[in-house]
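If you want the building blocks of each chain, they are given just below.
2 protein chains.
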Amino acid sequence: MPSRNPALLLSQTFLSVVNERQIIAYISALAGPADERLRKGIGDDCAVIDKDGEKVWLVTMDTLVEDVHFDCTFHPPEKLGRKAVSVNVSDIGAMGGRPQFVLLSVGMPKGFDEAWFRAFARGLTDACREYGCLLIGGDTVASPQGLTFTLTVIGETETERVVYRSGARPGDTVWVSGFLGFAAAGLALLRRGVEAGNPAFDPFREQHLNPRARVELGGKLGASGLATAMMDLSDGLATDLAHLCKQSNVAARVVARDLPGISALAEAARVLGVDPEQWVVGGGEDFELLFTAQPGDRSRVLELGSQCGVVLTPVGSVVEGEGVTLIRQRQDGTCEEVAIAYQGYDHFRNRAGG
Amino acid sequence: MPSRNPALLLSQTFLSVVNERQIIAYISALAGPADERLRKGIGDDCAVIDKDGEKVWLVTMDTLVEDVHFDCTFHPPEKLGRKAVSVNVSDIGAMGGRPQFVLLSVGMPKGFDEAWFRAFARGLTDACREYGCLLIGGDTVASPQGLTFTLTVIGETETERVVYRSGARPGDTVWVSGFLGFAAAGLALLRRGVEAGNPAFDPFREQHLNPRARVELGGKLGASGLATAMMDLSDGLATDLAHLCKQSNVAARVVARDLPGISALAEAARVLGVDPEQWVVGGGEDFELLFTAQPGDRSRVLELGSQCGVVLTPVGSVVEGEGVTLIRQRQDGTCEEVAIAYQGYDHFRNRAGG
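Just so you know, the sequences run in chain order B and F. Position 227 (the first sequence) corresponds to 226 in numbering that gives the first Met the number 0; numbering is contiguous. Position 245 (the second sequence) corresponds to 244 in numbering that gives the first Met the number 0; numbering is contiguous.
Source of the hints: derived by calculation from the structure; they are not laboratory data. One thing to keep in mind: the hints can contain errors.
[To be verified] Rough simulated footprint, nothing fancy, chain F against chain B, three-plus residues with beta-carbon under 8 Å:
id	stretch
1	41 to 50
2	64 to 70
3	96 to 108
4	130 to 143
5	146 to 159
[To be verified] Cross-link-like lysine-lysine pairs, in silico, DSS-like; alpha carbons within 27 Å at most:
id	chain 1	residue 1	chain 2	residue 2
6	F	K50	B	K54
7	B	K54	F	K54
8	F	K50	B	K219
9	F	K245	F	K219
10	B	K219	B	K245
11	B	K78	B	K109
12	B	K50	F	K219
13	B	K219	B	K109
14	F	K54	F	K219
15	B	K109	F	K109
16	B	K219	B	K50
17	F	K109	B	K50
18	F	K50	F	K219
19	B	K50	F	K245
[What the hints assert, rightly or not] Here are a few chain F residues that face chain B, going by a calculated C-beta distance under 10 Å:
id	residue
20	L37
21	G40
22	I48
23	K50
24	D51
25	V64
26	E65
27	C71
28	F100
29	L103
30	L123
31	L134
32	G136
33	S142
34	T151
Every residue gets a Cβ at the ideal spot worked out from N, C-alpha and C, and that includes glycine.
Work out the full structure, taking the sequences as your base and the hints as a guide.
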């Protein structure tokens with residue numbers, strides 16, 4: 000069944016023309032060497048710059064484009080305003096930081112509806128308050144077609160408490176917060192309008208419409224020193240774990256049956272006729288945290304998740320080498336191993352240090 | 000004669016639907032009160048946040064949209080890349096700061112041309128280097144129609160050296176750097192393709208295609224303490240001086256014949272059949288500096304401009320009251336006074352503290 004809005008598929012078709020990672024690599028190369036002002040540039044969830052010796056600023060930037068990242072036919076404006084903030088502060092939390100300041104640039108088309116915008120702005124400013132950050136500036140421009148929102152968020156943390164993507168070591172356990180694939184399942188349900196009234200599917204839809212960033216959890220994982228590497232799950236486990244492994248010069252092995260979410264998604268997957276593993280392994284925009292920790296810290300990690308009211312699940316381990324392997328148990332009890340790195344849901348959208 | 004690209008007029012028609020200042024005012028109200036983390040939020044060229052007590056960060060964000068802010072049919076990509084940086088660092092310079100870090104979010108349509116993008120990226124990264132800033136991150140997304148570029152620039156300066164829009168006092172002299180109206184004239188020439196070969200018009204076209212930000216001048220005006228208020232001229236003298244007056248709770252009187260640029264624009268204005276005063280008073284995107292200084296500092300201001308190789312011209316004075324008045328000399332020697340506040344070229348694009 001086709002999407003109600005064909006433009007929503009733009010990102011996928013566009014990928015055949017140009018690969019986002021190539022563009023980022025190209026810009027990175029042109030940008031030239033960094034200097035002492037910069038602790039980390041392109042290649043992590045945020046850029047990291049020195050504040051005052053003891054602390055650093057974390058800076059991230061994300062753009063949401065109508066009919067690429069959101070569809071106004073089913074996205075309530077207030078939830079979209081919240082999501083615009085959440086997807087950005089998620090990057091701050093994923094490095095262990097506390098969000099502080101938000102800048103917003105809005106591109107608005109001619110047919111713009113004032114009531115819609117007021118609801119969007121209310122959601123956005125409410126989310127800013129809830130995450131503890133101030134809206135300090137931005138820009139407003141005309142857009143030839145469709146709404147676009149670009150946010151820059153600045154966070155801070157102690158210099159020694161920043162958690163980078165690059166700290167995973169062989170032997171570490173791979174953890175994820177919450178459930179995977181819910182946002183992808185929710186988007187599929189919303190697009191197809193299938194059994195919209197089924198309340199059992201509400202958490203999936205809500206995860207697409209109004210994800211919450213794991214800022215408190217990220218901050219505690221940073222402050223405790225438990226996370227050896229961390230990032231947020233924006234492009235799906237397969238892609239994001241590959242990024243983390245590449246930055247850490249390691250490989251990872253993930254056990255399919257340990258991935259949290261598959262059983263919860265079974266009914267929605269049946270209704271839509273898809274394999275729930277696709278959502279869990281490849282689905283983007285969950286904005287959960289993906290991190291690694293030493294195996295001996297297992298109970299401390301679980302305790303910390305419990306303090307934040309978030310389920311934390313060990314899903315695999317870090318090994319030497321490169322790439323990401325998914326281990327599936329066959330019906331006959333034997334195992335198969337599949338390389339899944341970068342096979343995820345790539346909506347031509349990434350965190351180039353932002 | 001119509002514009003070659005009707006979409007270029009989008010911003011003007013859109014203004015009848017919604018007023019940018021209203022949107023900014025609405026978001027500002029929703030954003031709620033600031034706190035001690037923020038020295039200045041929405042309402043100046045940059046947001047100002049504390050760095051380490053002695054210094055502050057200046058943060059600005061600007062978006063350029065194809066067919067609203069630039070037209071690829073005549074804008075060479077390398078110059079567009081430079082301009083994207085210049086219009087942002089201009090805001091840093093306009094508060095007396097030094098640009099440090101740049102984040103870039105790119106929205107790219109399907110028909111995207113790799114050679115074009117490489118030239119754009121080269122211009123952008125060259126400009127970063129020349130202004131002394133590092134490209135530290137950003138985002139890349141698919142765009143349903145047309146290119147969009149959003150940049151965030153972070154600058155720094157000494158806390159006591161920031162020049163706000165709010166410091167103008169009655170009796171101060173109003174100054175501008177360089178020439179006014181060149182960018183508007185250049186855009187009109189480029190759009191109409193009139194006498195493209197006339198080298199006398201090159202400076203006007205260049206001012207639209209590749210403006211230079213007055214960062215050195217802005218820094219010296221801040222460090223010297225000479226500027227009592229300052230901003231960059233992005234929306235035209237009439238609009239921007241009105242912003243400065245409003246923030247300072249004063250009015251300004253400007254003498255038409257003192258405005259630098261009118262005589263240089265005479266021939267281009269004759270060819271296009273327009274009044275050059277429209278360009279000089281209402282033309283946007285000159286990215287020159289508009290500032291006020293005490294009358295006794297006149298020679299020190301001129302000396303400082305000379306150090307930077309920039310012509311500085313006193314164009315009027317600050318008085319009590321509100322609004323901006325243009326004083327014109329009639330043919331018969333008498334004067335007429337016209338209220339010009341906010342009558343300028345408003346391309347639905349502003350610096351909402353960014």
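Hints versus structure:
| no. | hint | result |
| --- | --- | --- |
| 1 | 41 to 50 | holds (count 5) |
| 2 | 64 to 70 | holds (count 5) |
| 3 | 96 to 108 | holds (count 8) |
| 4 | 130 to 143 | holds (count 11) |
| 5 | 146 to 159 | holds (count 4) |
| 6 | K50(F) to K54(B) | holds, 10 Å |
| 7 | K54(B) to K54(F) | holds, 14 Å |
| 8 | K50(F) to K219(B) | holds, 24 Å |
| 9 | K245(F) to K219(F) | holds, 25 Å |
| 10 | K219(B) to K245(B) | holds, 25 Å |
| 11 | K78(B) to K109(B) | holds, 22 Å |
| 12 | K50(B) to K219(F) | holds, 24 Å |
| 13 | K219(B) to K109(B) | violated, 44 Å |
| 14 | K54(F) to K219(F) | holds, 16 Å |
| 15 | K109(B) to K109(F) | holds, 22 Å |
| 16 | K219(B) to K50(B) | holds, 21 Å |
| 17 | K109(F) to K50(B) | violated, 39 Å |
| 18 | K50(F) to K219(F) | holds, 21 Å |
| 19 | K50(B) to K245(F) | violated, 33 Å |
| 20 | L37 | holds, 6 Å |
| 21 | G40 | holds, 5 Å |
| 22 | I48 | holds, 6 Å |
| 23 | K50 | holds, 6 Å |
| 24 | D51 | holds, 4 Å |
| 25 | V64 | holds, 5 Å |
| 26 | E65 | holds, 7 Å |
| 27 | C71 | violated, 13 Å |
| 28 | F100 | holds, 6 Å |
| 29 | L103 | holds, 7 Å |
| 30 | L123 | holds, 8 Å |
| 31 | L134 | holds, 4 Å |
| 32 | G136 | holds, 3 Å |
| 33 | S142 | holds, 6 Å |
| 34 | T151 | holds, 4 Å |
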